[in-house]
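Q: Chain by chain, the residues:
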Amino acid sequence: MADYDAIVIGAGNGGLAAAATLAGAGASVCVLERHNIPGGCATSFCRGRFEFEVALHQLSGMGTEGNPGPLRFTMANLGVLERVEFIESNDLYRIQIPDRIDITLKTDRKQVVDELSGRFPEEREAIANFFDMLYAYFQELVKAFFLKDPDASPERYPLIYRYSMRSTKDVMDSYFRSPLLKSVITIYWSYLGLPPSRLMFMDFAITLYSYLEYKSYHVKGGSQSISNALADIIVEKGQEIRFNCGVKRILVRDGRAAGVITETGEEISAGCVISNASKITTYVDLIDREHLPGDFFGHLRSSAIGVSALSLYMGLDCPPSEAGITQPTNFISPTEDYERAYECAKTVEVSEDSGLLTCYNYMDPSFSPEGTTIATFVTLKYGEPWMQIKPEEYHEIKFRCGEQMMEILDRVYPGVRGRIEEFEIATPLTHLRYLGHPNGSVYGFDQHPWESSFFTQQKAPIPGLFITGAWAGMGGFQPTYQSGEKVARLALKNIKG
Amino acid sequence: MALDLHKMQNYDRLLEQMNEFRERGTDYRSLRGRMSEVMDRLHPKRLRLEVAEIIQETPSAKTFRLVAPDRSLPPFLPGQYITVYTEVQSVATARAYSLSSAPADSGHYDITVRRLAGGLVSGRMLDRWRVGDTIEASSPSGNFYHNRIIHDRSVVYLAGGSGITPFMSMIRQEATRPAGMNVCLLYGSNSDGDIIFHDELNRLAEGNARFRYVPVVEKPGAGYRGKTGYLTADLIREVLGDVEGRTFFLCGPGAMYDFCIRQLEALGVPRRKIRREMFGALPDITRHRDWPAEVNPAAEFSVQIKGKDTIKAKAGDSLLTSLEKNGLKVPSLCRSGECSYCRVKLLSGRVFQPKESLVRSSDRRFGYIHSCMSYPLTDLEILL
Numbered sequence: 001m002a003d004y005d006a007i008v009i010g011a012g013n014g015g016l017a018a019a020a021t022l023a024g025a026g027a028s029v030c031v032l033e034r035h036n037i038p039g040g041c042a043t044s045f046c047r048g049r050f051e052f053e054v055a056l057h058q059l060s061g062m063g064t065e066g067n068p069g070p071l072r073f074t075m076a077n078l079g080v081l082e083r084v085e086f087i088e089s090n091d092l093y094r095i096q097i098p099d100r101i102d103i104t105l106k107t108d109r110k111q112v113v114d115e116l117s118g119r120f121p122e123e124r125e126a127i128a129n130f131f132d133m134l135y136a137y138f139q140e141l142v143k144a145f146f147l148k149d150p151d152a153s154p155e156r157y158p159l160i161y162r163y164s165m166r167s168t169k170d171v172m173d174s175y176f177r178s179p180l181l182k183s184v185i186t187i188y189w190s191y192l193g194l195p196p197s198r199l200m201f202m203d204f205a206i207t208l209y210s211y212l213e214y215k216s217y218h219v220k221g222g223s224q225s226i227s228n229a230l231a232d233i234i235v236e237k238g239q240e241i242r243f244n245c246g247v248k249r250i251l252v253r254d255g256r257a258a259g260v261i262t263e264t265g266e267e268i269s270a271g272c273v274i275s276n277a278s279k280i281t282t283y284v285d286l287i288d289r290e291h292l293p294g295d296f297f298g299h300l301r302s303s304a305i306g307v308s309a310l311s312l313y314m315g316l317d318c319p320p321s322e323a324g325i326t327q328p329t330n331f332i333s334p335t336e337d338y339e340r341a342y343e344c345a346k347t348v349e350v351s352e353d354s355g356l357l358t359c360y361n362y363m364d365p366s367f368s369p370e371g372t373t374i375a376t377f378v379t380l381k382y383g384e385p386w387m388q389i390k391p392e393e394y395h396e397i398k399f400r401c402g403e404q405m406m407e408i409l410d411r412v413y414p415g416v417r418g419r420i421e422e423f424e425i426a427t428p429l430t431h432l433r434y435l436g437h438p439n440g441s442v443y444g445f446d447q448h449p450w451e452s453s454f455f456t457q458q459k460a461p462i463p464g465l466f467i468t469g470a471w472a473g474m475g476g477f478q479p480t481y482q483s484g485e486k487v488a489r490l491a492l493k494n495i496k497g
Numbered sequence: 001m002a003l004d005l006h007k008m009q010n011y012d013r014l015l016e017q018m019n020e021f022r023e024r025g026t027d028y029r030s031l032r033g034r035m036s037e038v039m040d041r042l043h044p045k046r047l048r049l050e051v052a053e054i055i056q057e058t059p060s061a062k063t064f065r066l067v068a069p070d071r072s073l074p075p076f077l078p079g080q081y082i083t084v085y086t087e088v089q090s091v092a093t094a095r096a097y098s099l100s101s102a103p104a105d106s107g108h109y110d111i112t113v114r115r116l117a118g119g120l121v122s123g124r125m126l127d128r129w130r131v132g133d134t135i136e137a138s139s140p141s142g143n144f145y146h147n148r149i150i151h152d153r154s155v156v157y158l159a160g161g162s163g164i165t166p167f168m169s170m171i172r173q174e175a176t177r178p179a180g181m182n183v184c185l186l187y188g189s190n191s192d193g194d195i196i197f198h199d200e201l202n203r204l205a206e207g208n209a210r211f212r213y214v215p216v217v218e219k220p221g222a223g224y225r226g227k228t229g230y231l232t233a234d235l236i237r238e239v240l241g242d243v244e245g246r247t248f249f250l251c252g253p254g255a256m257y258d259f260c261i262r263q264l265e266a267l268g269v270p271r272r273k274i275r276r277e278m279f280g281a282l283p284d285i286t287r288h289r290d291w292p293a294e295v296n297p298a299a300e301f302s303v304q305i306k307g308k309d310t311i312k313a314k315a316g317d318s319l320l321t322s323l324e325k326n327g328l329k330v331p332s333l334c335r336s337g338e339c340s341y342c343r344v345k346l347l348s349g350r351v352f353q354p355k356e357s358l359v360r361s362s363d364r365r366f367g368y369i370h371s372c373m374s375y376p377l378t379d380l381e382i383l384l
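Just so you know, the sequences run in chain order U and H.
Each residue of the first sequence is one higher than the one before, counting from 1 in the numbering used here.
Each residue of the second sequence is one higher than the one before, counting from 1 in the numbering used here.
Just chain U, same shape as in the assembly (with noise of 0.2 Å):
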């Protein structure tokens, strides 16, 4: 008789969602996660009086009580709606490319569109039809997928078949011609790692139309507030979470996977095993190789580290609007070619790097103490040239990177330098240290078309595995969620039957 019908491996957004699904159907579960809180991306941490959120920016999918989105019935099942405060925003995003273009969206497609029509109104009528086009698409994508409809041919199905798999960068060229205008409307790119030539359309659709139709959420108490409501769930259920506590080894036993081995070397064991590790760990560094199919990492050679991050998070000593910020949501890019600012990302250095200032006090004034102000900046850097600095020199370059934000920043908010009281960076090795992610990828891997379902099978090759998170599919918050529901659903099957 094994420990535990399941264990999960890591307490990030995909484990934890996996683990109180799990639970909440009775089955015993054991989470094990490395690091001494919950969440994984979804945390916080306090400097003086500032609490920053780490990571979620704007939580998608969640649509309101009359028009709920997925991700709010993924919030009901776990319990997490009635534990939780989520904040409705109304504001999609201000875009600002310095010396070219301010503008500020509203989620509300009528506002994006009159107020493009406004700007680029030699433009006014490929604005209204890449809309109507965009949400007759998710009709589409509704029928075909979420009802799932028998007869999904081209016939009934037009705009999937035209439009899904071609880059954003060529649907966008089918429909405008100012790059200003196109680059206005996919600064989403960032949220998805990839820039718009490399992006499948309907990952960058799906996108833009949800926080579109579903607006955009935060969560009092910051994206903590889900990790801690998740894992007391989990521990109400009677079931177990053990922090500081790394797994060194998956084991194998009769071609299934059986239970763990801890880095202090406690083997526990269980029926099945859910791993919210990334898919390179699980594989590389905690399961035998003879257990894996002899072709598994030629087939995996397709799929790239993706992008990490370089943040700057700042506590100011006034409120926003002294600052200067007047917006939750503000995309700051030096250039208008989403090409380059991406090739910048591969760079340690920062120079023509898109970036992404959140203030967190438009969507939940109580953010920060009064008369106070809680910004974070953050550009997309892949990891891979950082995990070649030499030790001695990863501070020098560490506060150079971030003084060279600060100069992309003062350029657009000069006030706020000068009002910092609490300032913390965090390079791809941060990530890397508190995520265990390779190269501190915060996405999983590169959103290459192939890594959809339609070109990889997501099942794992050993019988009693399971992946979860942003390896197993989409990175971000409402992805990892329905990732880690979805894989305890198969997991039940697996351990009832």
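These aren't lab readings, by the way, just hints derived from the structure by calculation.
Take the hints with a grain of salt, since some may be wrong.
Unchecked claim - Straight-line alpha carbon distances no greater than 30 Å define the calculated DSS-like cross-link-like pairs of lysine-lysine that follow:
| id | chain 1 | residue 1 | chain 2 | residue 2 |
| --- | --- | --- | --- | --- |
| 1 | H | Lys227 | H | Lys306 |
| 2 | U | Lys459 | H | Lys7 |
| 3 | H | Lys325 | U | Lys486 |
| 4 | H | Lys308 | U | Lys237 |
| 5 | H | Lys45 | U | Lys390 |
| 6 | U | Lys148 | U | Lys169 |
| 7 | U | Lys346 | U | Lys390 |
| 8 | U | Lys390 | U | Lys237 |
| 9 | U | Lys398 | U | Lys143 |
| 10 | U | Lys237 | H | Lys329 |
| 11 | H | Lys325 | H | Lys308 |
| 12 | U | Lys169 | H | Lys7 |
| 13 | H | Lys312 | U | Lys143 |
| 14 | U | Lys148 | H | Lys7 |
| 15 | H | Lys306 | U | Lys248 |
| 16 | U | Lys237 | U | Lys220 |
| 17 | H | Lys345 | U | Lys248 |
| 18 | U | Lys237 | H | Lys345 |
| 19 | U | Lys220 | U | Lys248 |
| 20 | U | Lys248 | H | Lys329 |
| 21 | H | Lys355 | U | Lys248 |
| 22 | H | Lys355 | U | Lys220 |
| 23 | U | Lys486 | H | Lys355 |
| 24 | U | Lys248 | H | Lys45 |
| 25 | U | Lys398 | H | Lys45 |
| 26 | H | Lys45 | H | Lys355 |
| 27 | H | Lys312 | U | Lys220 |
| 28 | U | Lys148 | U | Lys486 |
| 29 | H | Lys7 | U | Lys237 |
| 30 | H | Lys45 | H | Lys325 |
| 31 | H | Lys329 | H | Lys306 |
| 32 | H | Lys345 | H | Lys306 |
| 33 | U | Lys398 | U | Lys237 |
| 34 | U | Lys398 | U | Lys148 |
| 35 | H | Lys329 | H | Lys345 |
| 36 | U | Lys398 | U | Lys346 |
| 37 | U | Lys237 | H | Lys312 |
Once you have looked at the hints, place chain H on chain U.
A: Here is chain H on its own, set in the frame of chain U:
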């Protein structure tokens, strides 16, 4: 649902691209162990260090020079600390010590320890540690350092007693730089015999326009001719003239913060220009200004650890200390309420938490406490 993939525009091209990627992609087997290796160079979980040299600084303070016999030492920022894991009377415990050496002195870490009245750990280190001993420590950590992006290039260090140690690292590091910052150190000590690093500080300040050293002694001995008393607003103004354009760094015993921060506020120094090091809980928590006076620190409560034993814990001992005394292993690092390593869930009962303990808002809501800065006020039930 069965889409006819080959009829989707661009599908075949994507298949080709996928294969191109597969040909030039990474064989991830080559990354085995790589992530922990990179992390271990910067932030190893534990360091095995050897005492290479012991320097008697004052009658009550020694510097322990620590080297790593089997690896290179991780880098640190002047002002950061390491946590020393040790055993006192067969109780496993830990203490955080700021590094007093500069990062430029590569090859060793110095920690400078002063005997603390009733301090079990400092006493043991000072009396028992010998050259050649091996100890276990954390890698450097902490948020008390000069950040060139936001802090002024003119800095004032306010040190009290053994709170000089992080400043020593900063000052020594500055001394290696050709064009550094303007530093003024106001260093308060109990008596002139207690001033740690006095000779070196005098030497560094001599003929150096960028570094001023101002010792301030509370109970001066005969023949002492320097500043006396406390680090008051008047004294600070007298030494600095103008406080504008300077960032202040504070490190010393708990009572010093309350006092000095009031002085700086009186001088009109904005909060963002005052940095303070966490300096551990008060040795006697009942002296904390918020301590509930009606509670007897010797009062003993029972702490039930869910699924495990029940232990006894005194109101005047931190929960972490009581857990350690009972042989329970709880991870700890800063022991000042800041790092949250020792976070536990309080299932029932009440604890006193000094407000310096930086507990996340959702942790407060969901009942988590930092055991290093939590003192039982009733019987407790906790989850480790």
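Q: Output the indices of the hints that this structure fails to meet, ascending.
A: 1, 3, 8, 9, 13, 19, 21, 23, 27, 29, 33, 34
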